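S.K.: Given chain A, work out where chain B should sit, using these hints.
Protein chains in written order, with the numbering used here: chain A, 7 to 508; chain B, 7 to 508.
Because the hints were derived from the structure by calculation, they are not lab data. Treat the hints with care, since some could be wrong.
Since copy identity is lost for identical chains, a pair holds within one copy or between any two.
Stated by the list, open to error - Restricting the straight-line Cα-Cα distance to at most 27 angstroms, the calculated cross-link-like pairs of lysine-lysine (BS3-like) are:
id : residue 1 : residue 2
1  : K24       : K477
2  : K46       : K287
3  : K24       : K46
4  : K144      : K488
5  : K128      : K219
6  : K24       : K144
It should be emphasised that the depicted structure is a prediction, and the values quoted were computed from it without experimental measurement.
Each chain, letter by letter, is given below.
Protein chains: 2
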Amino acid sequence: MHYESVAQALEKLRKLEKTYTAYVHAQGVIELDAATAAPKGSWEGRGITAGVLSEVMYDLIANPENGELLSYLKEHREELDEMAQREVEVMEKNFLRMNRIPAEEYVEYNVLLNDAQAAWEKAKNTSDFECFRPYLEKIVAFNRKFAGYYDPTVPAYDALLNEYEEGMTMQTLDAFFGKVRSTIVPLMGKILEKSEPEHPFVHRGYSVDQQRKFSDYLMEVMGLDRNYCTIAESEHPFTINYNNKDVRITTHYFEDSLLPSMSSVIHEGGHAMYELGADDKYNYTILYGGTSMGIHESQSRFYENIIGRSEAFIRFIYPKVKELFPEQMADVDANDLYRALNRAEPSLIRIDADELSYCLHIMVRYEIEKQLIAGTLEVKDVPAEWNRLYKEYVGVDVPNDAAGCLQDIHWSFGNIGYFPSYALGSAYSAQMLHVMRQELGDIYADVEKGDLSRVTGWLREHIHQYASFKKPGQVFEDACGKFDATYFTDYLTEKFTKLYHL
Amino acid sequence: MHYESVAQALEKLRKLEKTYTAYVHAQGVIELDAATAAPKGSWEGRGITAGVLSEVMYDLIANPENGELLSYLKEHREELDEMAQREVEVMEKNFLRMNRIPAEEYVEYNVLLNDAQAAWEKAKNTSDFECFRPYLEKIVAFNRKFAGYYDPTVPAYDALLNEYEEGMTMQTLDAFFGKVRSTIVPLMGKILEKSEPEHPFVHRGYSVDQQRKFSDYLMEVMGLDRNYCTIAESEHPFTINYNNKDVRITTHYFEDSLLPSMSSVIHEGGHAMYELGADDKYNYTILYGGTSMGIHESQSRFYENIIGRSEAFIRFIYPKVKELFPEQMADVDANDLYRALNRAEPSLIRIDADELSYCLHIMVRYEIEKQLIAGTLEVKDVPAEWNRLYKEYVGVDVPNDAAGCLQDIHWSFGNIGYFPSYALGSAYSAQMLHVMRQELGDIYADVEKGDLSRVTGWLREHIHQYASFKKPGQVFEDACGKFDATYFTDYLTEKFTKLYHL
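Next up, chain A with everything else stripped away, as it sits in the complex:
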């Protein structure tokens, strides 16, 4: 292959990026439709289409001509601006990864994932792990094999972790989780001695219609532009984005509780803020989209916990909650709402967990994934191991698999190595808060007035605008300096000590 000029080669690369982005868009719309609108019986046809699209995308990226194109552009690296350099780097990462996975395995895997999601949903609804087991077995087997393709020189699980958080290893995570656990466990022990009962308002009836209005309100307070961001309903809340003017979040409403959807909307809204805040120039390039799962979770958990579970935020939204749910909130004041949202108690469901014990839920998944990928745990033994670890780490008995190892959608999406990002994101967000307060002063005074503009402005300036232009480590360090989990453990200690007068 001969290129007339660097400009011509770059044009070719950008055409490739645009085509690839269009397929990702199409795939993403099909995925969103599947989770929010498609008839239950329609999975088979969607699987066929997913298979065809995966094959086309594989051929598009793995095409040997791309290797020549990327080599040429790397030879002329000096002539490229920083953005183009990063485009070459990210495309090469994709190219190499695809070329390591044989085409038929890639396609087979994508078809499997489509079927697995339907199987997981059925398994969860009937609390029947057996229904999902064969799919999870295949997903684990694929991931073990893929890990070897990604990087055969490191332990398989490290290779998978690196897919979600560049450079992350079990060694780092073991140390991180060790430190976090040694903070959380004694704090939780002291809190449990105080045994604060649950306020009855938590489980009163909340009509879905009123909850929908509440979601609209929360999105408005967050400053999510509804012209570019919608909300839909799905079994498991998630965010999906096609460009910085087309982002969707979902939630799941429960008739008997207000708080789960409230937390989901703010959490997914945080993801959405990140994607909406990307600079226009990254649209339809390979650099569009958040730079890593950990940085993404830092944004969702920043809004969910550091803003959404703060006293200031609750004081601001309390009148609206009372207006939307006058009967349910008749005997509830802002402080009750604040305490309910922050009530620390060992529990079964990760997404409903309090901010303190949340990381314990992640550690269970981390331990299971490590063992599955190492081959020291079989899929059939996951329910027993899950239940054992929940008892040991979280301190609860798991009554059934729906409330146990079937609660999360992630494995059915093939995401193994993703869960640690949630804990990392929480830790990142605490350090961001620290720096933000140093630079902006009393942000909670703004929050109490319902004004998130300075908070969002800071995140946009330091994180959001860059999309995937900066690597995760770089974007974090440019904003906050070296990562140090102490900011997170200090934040938890301070918050819960004050909350429970420990």
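M.R.: Chain B only, in chain A's frame:
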């Protein structure tokens, strides 16, 4: 290109069909999302993706290798079964059509259509034709050019008609519409002399939530399997289908009226029945999907009018209507509901038109399209011509363009030559009713019990199962014999003479 065997060539054709079908599926999901769920500001990115997908689909079908493949298969026609013969025929039609349209025009047109839909919606909402005019001008110009590509030997509008209804011509339509008009106009004249006032229940408030429940009920009565068919909400009701296990209908609820959405749901439900009733073997082949717009409309209008506006059907659903809307229906009996649904009166909006005057609405569009494509009418003069024809044909004054030439989405989809299918479909459906009654006897006795199984069974046996395997003329004639508009005019005369005691 050399083929080892007919079997190998056929396998290649079917792979092509499957790939093409997957793209159509992806495009369709994006289209559905755009109309039902996407944020308003997201059209730009969708346009880019639509452009890329169109280009890929163009290359896929127009690929010269397909020409060789199709020639080879045609040479071995005798060795192919009937289904494969038809697949070759339909694929060749697509191949030839694509090859007549230059790639860049095809892509440009598809991007234009994406933008046109957003412009049309804005224009309609603000009743500002100028906002849509430049798009419509380009759409008309493209269609005039495309008509020459499709078939340069016939008048341009005939070439467009043939796209929606194989073999249809202005000559046939002029005669058909002449006959229909000469029946409708005198009937309408006599009805207007009787001047029956509108029942007040028609415009009482109907909550959207209750209307949603009513839609669910109607779909249940029709026998639409919700496991394979969902309903969503959009500006303009439509049906879209990906395979016989994934069909979607949409409706538009109006708070101040029950009847528009009721009619839409039954109409779109009729389209859905057709697509759900296709034989499994056509899925993921080029033969999946209804065989023509006229046959499609015969199914939607069969359910909407011949079933949905029948006395028997209304008597059956009346108790449910009363249960869902007790206050609004307090002073309404089944006969009032029947008469309201069949009240013949010249009106402005096609989709709300009564069964009798409906074809007059179509004739206005037919006359305008003929002139636009012949070049004897400019787009800027469409509003004036529309208003003039509405006065002459329908007998009403058009107050603004939103209620006039902006009321339909079709032109923004590029569908010029489509509208006559609605009238043809109505006429086909009347002849189907005639044959069905000859063969099955008193179908309205079934309908009055809410049992549509024999009706649907007949349609499935004679129409639905074949998808595009039979050509429209063939499927109709195999079921009903030669088409004769007299069945339609007789049906209208009988129904409205009885209804109004003429």
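S.K.: Could you figure out if K128 and K219 sit no more than 27 angstroms apart (CA to CA) within one copy, between two copies, both or neither?
M.R.: Result: close only across copies, 26 angstroms inter versus 30 angstroms intra.
S.K.: Is it within, between, both, or neither for K24 and K46, if the alpha carbons may be no more than 27 angstroms apart?
M.R.: For K24 and K46, the Cα distance is within 27 angstroms only across copies (22 angstroms; inside one copy 32 angstroms).
S.K.: At most 27 angstroms between alpha carbons: which applies to K24 and K477, within, between, both or neither?
M.R.: Cα proximity of K24 and K477: one copy only (21 angstroms, versus 39 angstroms across).
S.K.: Could you figure out if K46 and K287 sit no more than 27 angstroms apart (CA to CA) within one copy, between two copies, both or neither?
M.R.: between (38 angstroms within a copy, 21 angstroms between copies)
S.K.: 27 angstroms Cα cut-off: does K144 pair with K488 within a copy, between copies, both or neither?
M.R.: neither (39 angstroms within a copy, 57 angstroms between copies)
S.K.: Go through the copies and call it for K24 and K144: within, between, both or neither, with a Cα cutoff of 27 angstroms.
M.R.: between (32 angstroms within a copy, 26 angstroms between copies)
Consistency with the previously given hints fails for number 4 only.
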